[in-house]
Amino acid sequence: MIAALRTVAWLTWRQLFSGHRVWVAVAIAGLPLLLTVFYRFASEDLEGDRLNFLLILNSQIVLAALLPLAAVIFGTTTFGGEQEDGTLIYLLVRPVPRWAIVLVKYLVAMLATATVISAAMLLAWLSLRNAELPARFVASFIAGGVAGALLYCAIFTYLGLATKRGLIIGLIYIIFFENVVTRQLEGVKSLSVREFATSISKWVGDGLVPTAGYTVPMTTVWVMGSIILAAGLAVALRKLTRYELAERL
Amino acid sequence: MTSTIYDLGYQRYSGARFGRMHAVKTLFIFSFRGAFGLGRGERSRLIPLLVLVLVFLPAVVQIGVASAAGMINLISYANYLEFTAGLLALFVAAQAPELLVTDKSNGTLALYLSRPIRASDYAWAKLGALAAALLLLTLGPQLMLFVGRVLIQAEPWTAFMAEWTKLFPILAGTLLVSTYFASIALAISSFANKRAFASAGVIAFFLLTPAISAMVRVIATGDLRRYAILLNPVNLVTGFSKWLFDVESARRSTVARVDLPGETYLFVVLATCVIGALVLLARYRKNEV
Amino acid sequence: MSVSAVRLVNASRWYGNVVAVNDVSCTLTPGVTGLLGPNGAGKTTVLHMMAGLLRPSSGEVLVNDRPAAGDPDVYRTIGLVPERESVHEYLSGHEFVRACAVMQQVADPEAAAQRAIDLLDMAGPQHRRIATYSKGMKQRIKVAAAMVHDPAVLLLDEPFNGMDPRQRLHMLEVLRALALEGRVIVISSHILEELNDLANNILVMVAGRLAASGHFREIRRLMTDRPHTFRLRSSDDRRLGAALLGGGDQSVFGVELTPEGLVVRTGERVAMTRTLARTARQANIRLLEVRPTDESLESVFAYLVER
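Residue numbers (the working numbering), protein chains in the order written: chain A, 1 to 249; chain B, 1 to 289; chain C, 1 to 307.
No lab work stands behind these hints, which were simulated from the structure alone.
Be aware that one or more of the hints could be misleading.
What the hints assert, rightly or not - On the chain C side, residues computed to face chain A include the following (Cβ under 10 angstroms):
{"id": "1", "residue": "R55"}
{"id": "2", "residue": "P82"}
{"id": "3", "residue": "L91"}
{"id": "4", "residue": "R98"}
{"id": "5", "residue": "A99"}
{"id": "6", "residue": "C100"}
{"id": "7", "residue": "V102"}
{"id": "8", "residue": "Q105"}
{"id": "9", "residue": "A145"}
What the hints assert, rightly or not - Calculated pairs, DSS-like style, for lysine-lysine (alpha carbon to alpha carbon, straight line, at most 30 angstroms):
{"id": "10", "chain 1": "A", "residue 1": "K164", "chain 2": "C", "residue 2": "K138"}
{"id": "11", "chain 1": "B", "residue 1": "K286", "chain 2": "B", "residue 2": "K194"}
{"id": "12", "chain 1": "B", "residue 1": "K104", "chain 2": "B", "residue 2": "K194"}
{"id": "13", "chain 1": "A", "residue 1": "K164", "chain 2": "C", "residue 2": "K135"}
{"id": "14", "chain 1": "B", "residue 1": "K286", "chain 2": "B", "residue 2": "K104"}
{"id": "15", "chain 1": "B", "residue 1": "K194", "chain 2": "C", "residue 2": "K138"}
{"id": "16", "chain 1": "A", "residue 1": "K164", "chain 2": "B", "residue 2": "K104"}
{"id": "17", "chain 1": "B", "residue 1": "K194", "chain 2": "B", "residue 2": "K25"}
{"id": "18", "chain 1": "B", "residue 1": "K25", "chain 2": "B", "residue 2": "K286"}
{"id": "19", "chain 1": "B", "residue 1": "K104", "chain 2": "B", "residue 2": "K25"}
{"id": "20", "chain 1": "B", "residue 1": "K25", "chain 2": "C", "residue 2": "K135"}
{"id": "21", "chain 1": "A", "residue 1": "K164", "chain 2": "A", "residue 2": "K239"}
{"id": "22", "chain 1": "B", "residue 1": "K104", "chain 2": "C", "residue 2": "K138"}
{"id": "23", "chain 1": "B", "residue 1": "K104", "chain 2": "C", "residue 2": "K135"}
{"id": "24", "chain 1": "B", "residue 1": "K25", "chain 2": "A", "residue 2": "K239"}
{"id": "25", "chain 1": "C", "residue 1": "K138", "chain 2": "B", "residue 2": "K25"}
{"id": "26", "chain 1": "B", "residue 1": "K194", "chain 2": "A", "residue 2": "K164"}
Just so it is clear, CB atoms sit at the ideal spot from N, CA and C, and this is done for glycine as well.
Model the full structure from these sequences, guided by the hints.
As structure tokens, this is what we get:
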């Protein structure tokens with residue numbers, strides 16, 4: 001069965017990065033690098049400037065925008081794309097338990113997201129690193145990115161399976177909930193995946209990453225994070241298990 | 001009387017035919033309706049209706065409260081676009097793909113192009129339709145605000161005479177801002193083959209531009225710092241509105257601090273509209289699918 | 001190969017107010033069974049229920065006496081060729097069939113894939129991307145993928161769609177050979193000529209109900225309340241017609257003179273053949289051609305639809 005699941009993973013990976021879609025990944029990974037080029041060109045590069053720049057780059061652009069976007073695209077494509085293409089049926093008529101299929105697809109989406117986001121941050125850091133920017137700095141943000149990928153992909157894998165407009169709904173979640181609502185209501189921040197990612201960065205960074213601004217307490221992060229992860233996967237599992245393929249109409 | 005057997009088979013039509021312009025107008029109307037989800041499935045009405053309601057809400061609230069408790073200034077013409085920019089971004093992110101990508105993916109684009117309508121006509125019709133839809137969402141509330149403010153006064157006619165010059169900037173502002181959002185969203189959507197990816201692209205634009213703008217402001221120096229805010233659609237729209245209505249922006253806001261000449265905003269908005277339209281037309285240059 | 005069977009017991013499937021499949025009961029045995037019906041009759045729904053992709057709203061759908069839905073292991077014995085044309089476009093034919101073989105947990109996926117591909121005559125284009133395949137080639141690669149694990153039950157949803165006559169003939173041969181090995185093969189179609197040579201048994205579905213089942217010649221015979229028709233050419237059609245009508249044989253319902261010959265409608269097929277011969281000899285008329293005209297699936301089907 002392992003070989004079968006590996007094939008499902010391989011199929012999903014091919015689906016995410018086939019043809020033109022690979023450029024999406026390249027674009028996401030390359031944007032921060034592009035911005036560092038701009039930085040070198042436009043900034044006086046005084047002491048502390050690089051730190052500042054990378055801080056904003058990683059937290060405001062990568063974690064806040066690129067991470068959810070990548071997760072939405074990869075997460076909803078794994079199921080929504082197959083449904084739309086009509087190829088999901090070839091995965092369902094196999095002696096492979098459906099919950100395993102969901103898990104494999106989730107893992108692939110999560111790995112794809114984490115890889116792209118980590119590459120993005122690594123590239124930017126590599127091009128700018130100096131004495132005040134040790135490896136720990138970028139590692140803490142990568143940790144946040146991976147955590148965010150874990151959670152976001154769980155939500156979006158389910159959405160891709162449950163709705164036809166999964167991607168659009170996922171995007172609305174990002175814009176409205178994470179950007180607008182959390183800015184207005186502090187309490188809601190303990191439900192925002194982005195805040196979790198940021199908090200984990202601060203926790204791993206341990207001083208390297210400034211802890212200014214509201215930080216979700218780590219216990220909340222672990223607890224709520226686990227709940228969201230488990231819940232997202234559970235509903236997705238349930239959804240596929242009960243999934244019925246009717247006539248195409 | 002002679003007997004004949006009538007030919008009831010395929011008949012050719014040799015009467016008058018409507019021309020290209022009629023076809024374009026029809027496509028325009030159809031796309032306009034499609035932007036609000038009319039004539040499509042149930043679910044496609046959700047976001048347009050939501051945005052429609054939310055966009056009128058401040059005006060309704062203001063008039064409602066003012067009529068009950070006297071004039072308040074919850075929101076003004078100059079502020080309105082700034083408040084609703086996010087909703088407009090959401091609207092175009094959801095609907096621009098509906099207008100462009102569904103035709104491509106279900107093959108109806110080929111049908112359109114096999115009519116007397118040209119590819120460039122198609123692009124113009126879509127741009128016009130989406131801009132018109134946005135016009136409804138921008139002009140509508142402001143007109144409602146205007147009418148409300150006039151009618152609430154004890155002497156409506158004097159109020160009207162005092163306010164009516166505001167109609168010009170209202171119209172100009174909403175027209176340009178609508179075209180701004182429409183051209184950006186359509187230009188981005190024209191590159192995608194799937195509706196979902198087009199939406200993602202548009203949202204990526206509206207998510208990343210404010211972030212990049214903020215970042216540039218942090219690291220850059222001198223004039224670049226000031227011009228960076230033009231990248232942020234909300235700031236751009238705010239500055240533009242303030243200039244149009246000749247109103248000072250809130251003291252500590254980004255726009256005030258940057259203190260750019262008002263014409264800059266006008267220029268950037270216009271330039272974006274033009275660039276977006278050009279990109280869209282470039283994508284629909286050939287009469288091929 | 002052990003004998004397997006697919007059984008439907010009062011299976012129904014509805015979606016809200018719409019009944020797609022209405023109380024269908026049948027047993028499918030080794031050999032080719034044709035599932036016929038117009039579009040929208042519920043054929044794909046029945047196939048998907050047999051394939052375990054849909055649960056029946058009531059009744060049971062059993063494969064080897066176990067419910068088809070809910071247990072992934074049943075797919076070791078089932079192969080499905082869906083109707084929709086779409087296959088993973090970015091894979092090559094070989095990659096796709098091999099992936100299916102691996103997912104089916106076949107012992108030697110590479111060999112199985114190659115066997116299936118060779119059987120369906122797709123060895124040539126197998127390494128090209130599926131996006132470059134014609135419709136008929138896509139159909140064949142789908143059938144190869146469905147057969148790669150040697151299933152005892154093979155369900156094909158409109159498999160001849162998009163195939164040219166030569167490809168169709170080849171596929172017929174393949175399916176006949178598979179059926180002879182003892183598999184249960186179900187082919188759905190709304191084009192009747194496709195199944196005329198292939199299916200021994202047919203199930204006819206009309207508007208969700210099973211309108212007829214069994215060997216189509218038997219079905220035909222069961223419908224005794226409809227006249228059988230013979231087309232004749234003889235040396236003197238008019239006189240033969242008159243003789244038949246006036247001959248006192250109650251089973252002759254009517255005759256009709258047409259430019260192509262004489263059409264005789266009768267209630268009893270076998271007796272008619274004897275009556276014909278006797279009447280012609282007595283009237284000294286030579287029979288040139290005698291054809292029973294509506295044995296074909298087409299007339300069976302049209303008749304059932306009109307009912």
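Can you name, in rising order, the numbers of the hints this structure does not satisfy?
20, 24 and 25
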